[in-house]
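Undergrad: Sequence:
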Amino acid sequence: MRMRFSMKTEYGVRAALELAGNAGRGALQSGEIARRQGIPGPFLDQVLMTLRRAGLVSSTRGPHGGHELARRPDQIRLDQVIACLEGNGLRSRQEDGAGAGDSQVLAQVTERAEQAAREVFASHTLADCLRLRRAESRVFHGIFHSAPANRKDA
Numbered sequence: 000m001r002m003r004f005s006m007k008t009e010y011g012v013r014a015a016l017e018l019a020g021n022a023g024r025g026a027l028q029s030g031e032i033a034r035r036q037g038i039p040g041p042f043l044d045q046v047l048m049t050l051r052r053a054g055l056v057s058s059t060r061g062p063h064g065g066h067e068l069a070r071r072p073d074q075i076r077l078d079q080v081i082a083c084l085e086g087n088g089l090r091s092r093q094e095d096g097a098g099a100g101d102s103q104v105l106a107q108v109t110e111r112a113e114q115a116a117r118e119v120f121a122s123h124t125l126a127d128c129l130r131l132r133r134a135e136s137r138v139f140h141g142i143f144h145s146a147p148a149n150r151k152d153a
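Under numbering that gives the first Met the number 0, the residue at position 135 of the sequence shown is numbered 134, and the numbers go up by one with no gaps.
It is worth saying that the hints were derived from the structure and are not from the lab. You may find that some hints are simply not true.
[As the list claims (entries may be wrong)] Okay, derived cross-link-like pairs now, DMTMM-like style, lysine to aspartate or glutamate, Cα gap no bigger than 25 angstroms in a straight line:
| # | residue 1 | residue 2 |
| --- | --- | --- |
| 1 | LYS7 | GLU85 |
| 2 | LYS7 | GLU118 |
| 3 | LYS7 | ASP78 |
| 4 | LYS7 | GLU67 |
| 5 | LYS7 | GLU113 |
| 6 | LYS7 | ASP101 |
| 7 | LYS7 | GLU31 |
| 8 | LYS7 | GLU17 |
[Claimed, not checked] Across the chosen pairs, the derived CB separations fall in these ranges:
| # | residue 1 | residue 2 | range |
| --- | --- | --- | --- |
| 9 | GLN28 | SER102 | 44 to 54 angstroms |
| 10 | ASP127 | VAL104 | 28 to 38 angstroms |
| 11 | GLY30 | ALA69 | 18 to 28 angstroms |
| 12 | GLU110 | THR59 | 35 to 45 angstroms |
| 13 | ARG130 | ARG35 | 52 to 62 angstroms |
| 14 | GLN103 | ARG130 | 32 to 42 angstroms |
| 15 | GLN74 | ARG117 | 34 to 44 angstroms |
| 16 | GLN107 | PRO39 | 35 to 45 angstroms |
| 17 | ARG24 | GLN114 | 32 to 42 angstroms |
| 18 | GLU118 | MET6 | 21 to 31 angstroms |
| 19 | VAL119 | PRO41 | 29 to 39 angstroms |
| 20 | VAL104 | MET6 | 28 to 38 angstroms |
| 21 | GLU110 | GLY30 | 22 to 32 angstroms |
The C-beta atom is built at its ideal place from N, Cα and C for all residues, glycine as well.
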């Protein structure tokens, strides 16, 4: 079973990671973020506005403007990005007060799983996510490109 996020949240996390990867190198224009991440431009603009209103992204207008993180990547947690885009970060059914027995048990277990997920998101900064991405990239690269053999030529 995989956790599901809205497209807004997925695009927002991807945009935040793109900005985190560019931290310290200046602002990125939304068109560049959209191109690198494959996010539709108008939708990205909405997502960036939400991140800006939450104080996670700062934006500068003009020909040399763009977007950058408002704080260092190690100071922004993944749960903060998710919360501003999607609330608690998880899609759960609305509790309507109805249901008993096994339905209540399932609801209780689901709430515990959601709480555990929130704790994991809170324990990862954008910098942590970048490290995970780099480590995964090295593993993926290594599958297709073996390390050069140490040969002793006579």
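Undergrad: Identify every previously stated hint that the structure contradicts and give their numbers, smallest first.
TA: 6, 13, 15, 21
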